[in-house]
Amino acid sequence: MKKCCVIDLGIGNVGSVCRMVKRLGYQPEVVSGEPQTTEKLLPVVMPGVGHFSKATQSLDRMNLRGWLQDCFAGNVPILGICLGAQLFCEQSEEGDGRGLGWVKASVRRFRGEDRSGLPLRVPQMGWRVFAPPEGCLPFGVPPGRMYFAHSYFIEAPENSEMFPCQANYGSVRFTTVVRVGNALGVQFHPEKSHRHGITFLKAWLDWAGGLAPSSPAVSQTLG
Amino acid sequence: MTISYLEQELAARPRIIVALTMEEGRLVRTRQFRHPVYVGDPINAVKIFSDKGADELVLLDIGGGAFGPEKARQIREIASEAFMPISYGGGIRSIEEVRQLFQLGYEKVVLNTALHEDQRLAREVAAEFGSQAVVASMEVLRTRWHGPRVFYGSAKKKTNHPPRDWARRCEDAGCGELIVNSIDRDGSMKGYDLELLKEVAQAVSIPVIALGGAGSLTHLRQGLAAGASAVAAGSIFVFHGPRRAVLITYPQNLLIHEEPPCTK
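The listed protein sequences correspond, in order, to chains V and L. Numbering that gives the first Met the number 0 puts the first residue of the first sequence at 0, with every later residue one more than the last. Numbering that gives the first Met the number 0 puts the first residue of the second sequence at 0, with every later residue one more than the last.
Quick caveat, the hints were computed from the structure, so don't treat them as lab data. One thing to keep in mind: the hints can contain errors.
[Said to hold, decoys possible] Calculated cross-link-like contacts (lysine-lysine; reagent style DSS-like; alpha-carbon spacing at most 30 Å):
| # | chain 1 | residue 1 | chain 2 | residue 2 |
| --- | --- | --- | --- | --- |
| 1 | V | Lys201 | L | Lys51 |
| 2 | V | Lys53 | V | Lys21 |
| 3 | L | Lys46 | V | Lys2 |
| 4 | L | Lys157 | L | Lys189 |
| 5 | V | Lys201 | V | Lys2 |
| 6 | V | Lys21 | L | Lys189 |
| 7 | L | Lys70 | V | Lys21 |
| 8 | L | Lys46 | V | Lys21 |
| 9 | V | Lys1 | L | Lys157 |
Isolated chain V (complex conformation) (with noise of 0.2 Å):
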């Protein structure tokens, strides 16, 4: 059976997507501090619930940035979902916490107006119809309705192809999809909406599992 990594940061819904990538015919590891060995070039998950600090302590605490960092120089394939695409990033509003700085970004709360010049109701939560543009992701999928429940937000920076896909909430503007090599992060919750999340990971566990071992920097730090 191929495998999987997931990450816990032991804060976050590892459940669920454990439960996902299990049905979609891949045995989920996971990864609950410094791996010691690791098979060579899984695919990583980093799901996310929580808050931001919290998990760049857990990083921290489990001894998870450099083995992060070589898998993602490694061109390893990584999956960030809602905090663990903002990990991503250099910092948070949420905490003074230390993120793995990937992208050149910060995530921001949420403060703005809706349609009606009310402020805006934080957290966002409710579903949207995601429909990613030509180009926006390395496998295809066909648009679908994605749940997303977060107070910040990813700031991206005027026209950077890392930020290939937005939306707004009221007059706020925010990423939804950032992608860096081969890591890819998304603010929705793929193991949490429905067929159409089943078909993103599915599409994304293919395409990862599809990637050769690319990098001798990733095997002899792994290996």
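Given chain V, put chain L in place with the hints provided.
Quick look at chain L alone, frame taken from chain V:
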């Protein structure tokens, strides 16, 4: 490679939430929080709602018992049938129980009595998991002499808090959503307490979820128009016809979503 930005102007759809009440491991429906009627097995019901693509599910244990290992086993099985957001409420008193729920696959906890006893738990959960993971549930009864008042403990315990004040306190305690559950309307299928919803929605800046009284899609629309960010219901999704035969349904055409709420 050029990547074009996509304007996704579609507003987040208002959610239609299925609220299920459980007592001693069985699914029940109540009227004014009394007279529980057995309607089925929760695991099976959740599976059907998941298959029907329900937006979200709230599972409330009204039995009043503590959150023990037997309950944990059952709600683990329930979560394993849900490929949608699912929250759990009932008897939660400690951060350990909350952690366990998240491990089991729930992503929100619903707090009610705990908020009345000690608001530190809500703060703790919000600090660890984010406020989107904490839902406050507020039971409201229109009392004869004092107007609407907040109750808890399945409508058994009365407080002197007017709903608006209590709603603000829940928000201050770190709750990210607020279920406004009308005791008067519970199980009546006569429509939400719209005045109550309007009042509470204006008082807080977190999403407000209407619960108690919905009997038709029109009622759901009215709840949104009154200022609720999402609408929840139980009876409408499990009863069919005037004799209240048990039949699990969920609006499939989602027509309700295409009509923007005519707000404010």
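**Message:** Under the constraints set out in the numbered hints, which ones does this structure not fulfil?
**Reply:** Hint check: 6 and 9 fail, others pass.
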